[in-house]
Amino acid sequence: MFFILITGLLLGGTYALIAMGLNLQYGVARIMNLANGEMLVAGGFAAFWVYTAGQVSPIAALIVVAPVAFVVNWLIYRIMLRPLVKRAKSRGALEVDSILATFGLSFALVGIMSWMFGGGYFNYSYLAQRVDIFGSSYGQNRVVAFAIASLIAAGLWLWLSYTRAGLNMRAVAVSPDSARLVGIDVTAVSALAFGLGGAVTATGGALISMFFTLDASVGVLFTMKALIIVIMGGVGDIRGTIVAALILGIAETFVARIIDPGLTLAAAYVLFLGVLLFRPQGLFGKQPT
Amino acid sequence: MSAREIRNLILSAMAFGVVALLPFYDTGYILSIATTMAMFTVLATSWALFSGPTHYISLATAAFFGLGTFVTGYGFQTMPYWSLPLIAGVLGAGLAGLVGMVTLRLSGVYFVIFTLGLAELVRQLVTWVQNRTGQRGMYVLTSITERDIYWQLLGMAALVFLVGWLIGRSRLGFALRIIGNDETVAKHSGINTALAKVLLFMVSGAAAAIVGAMLAPRYIYIEPSTAFAPILSFQVVIMALLGGTGRLWGPVAGVIPFTLLWEFISRHAPNQTLLLLGLAFLLIVYVLPGGVVGLQARLKHRFGQGGH
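From first to last, the protein sequence lines are chains A and B.
When you line the first sequence up against our numbering, it's residues 1 to 289, in that order.
When you line the second sequence up against our numbering, it's residues 1001 to 1308, in that order.
FYI, nobody ran anything at the bench for these hints, they're computed from the structure.
Keep in mind that a hint or two might mislead.
To be verified - Now the in silico label distances, taken between C-beta atoms and shown as ranges:
no.	chain 1	residue 1	chain 2	residue 2	range
1	B	Leu1098	A	Ile4	29 to 37 angstroms
2	B	Ile1033	A	Ser161	33 to 41 angstroms
3	A	Ala53	B	Asn1181	41 to 49 angstroms
4	B	Val1090	A	Gln55	58 to 66 angstroms
5	B	Tyr1139	A	Arg239	18 to 26 angstroms
6	B	Leu1299	A	Thr52	48 to 56 angstroms
7	B	Leu1011	A	Phe284	57 to 65 angstroms
8	A	Gly262	B	Tyr1025	45 to 53 angstroms
9	A	Leu75	B	His1301	33 to 41 angstroms
10	B	Gly1168	A	Arg87	26 to 34 angstroms
11	B	Asn1181	A	Asp260	44 to 52 angstroms
12	A	Ala53	B	Ile1033	39 to 47 angstroms
Computed from a predicted structure; not experimentally measured.
Cβ atoms here follow ideal geometry from the backbone N, Cα and C, with glycine treated the same way.
Please model the complete structure; the sequences and the hints are all you need to start from.
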């Protein structure tokens, strides 16, 4: 039981990082990015490639993966998504457009990645020793991934809470129209948030690839999980995202160990159903007036 | 009925009559492509019945379709064949009703996300049940030929068009158009928006399940991973949007070219089908919003009312 709890927490920590990336993109830039999971897989591919080709540790690879992902996502926002934001007559119209456009992007990326790397699974063995915590042993790579994910998540949270740029971002998340009135460049902040979100997700992908077998088409599964976490935690709510991610990590591990490893999505759906039925505004969200 | 409507009705009946003669001309490759087209015509048209007016993007088609194939797979030996599509339709409507009741009270994003994983969820559950009962895939060996399936699908297509036409004229259709334009206005004019959306989603879910039940004999061997393949949902969305959802005939205008293109790509470059799917989505968003129907409307607008 205790073992499941710890394993679930370790998994949930990485989920939290991925969902924070999606939350920045959806909460601040207002883009429901369904290609998020492909960014994750791309990050994982990069780490895999760097490790197998150059024997460079996946953690060191983050120094390159994160900035590259930032630039790529920033460009995606400026070139692909900004025109949609401009032409949208309402938030609903933007949602439909961005969902379709990012679906297109997602399929195109899967197509390109399976063309470049083939359709097979890929994994590598890094820090595969055991480490003992409270009498049970866990994969060292899982513990290290959790520690790095927590560090980055904490840094992100501090940055959003205590810096001027973070304040701008939270202002845009609350109300883009009012943010414009107090002199915030909403377009620039949105592009920054979208790029940052992509960088965070790709980092999460590089971390996950240390202990999880990925393939080119697995991205949509992570998109799904990140979406459920973001909705469960509440859009734009960092604290809620972290709590929701840990809950999902534990629930998935529990179902996989006790019932059947093939039912992890079903576990996520049970949580999703509960949220939709009882707290559609998110765990800590206020009842909309 | 106005004279125009009578004319359209006669023209559509004639078109169906001509298309139904195809198996007498060819029973090989052409019939097989035509069957695929007929299948997607039913799926895309019934998808557009719901998603067209409401703008809710449903990705649940594969879940309903798979449900239908499993109804035939389990029932074809013990039950009369004609009853299977009916049972599939009832189950499909039931599943759609459940999903609709949970998600359609909320904004469109929740609905998209929930339906995105629905096929995968049902697949996991079916696989789990099969593993526990020690069962794998199953064979559907019947005397039903491709020609029978084709005619069944054509009949189903005619039914879907008829239902769509009737809904368009009914209070329900009117209510849905108002919901699509402005849900708040719809609520304030006394429309039970959630009920209207759930009802129509049930129609579209039932149609997809029936199509699945009809097509099961074509696959011969059914297993969860092929019956619930999520890609079907995306193909349907693309075809419907490519054709345009503003008119009843719109999705057909997307089904025909996209099926041919898909067939061509999967024969000559089978690894690039996903790339094609992605590019088609981007094409719809950036070049053809409103699909062929929207294009026709824009051209009409530009060149005056005379041209068609």
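Inset, instruction - May I ask which of the numbered hints given earlier this structure violates, with the numbers listed in increasing order? - result: 2, 3, 5
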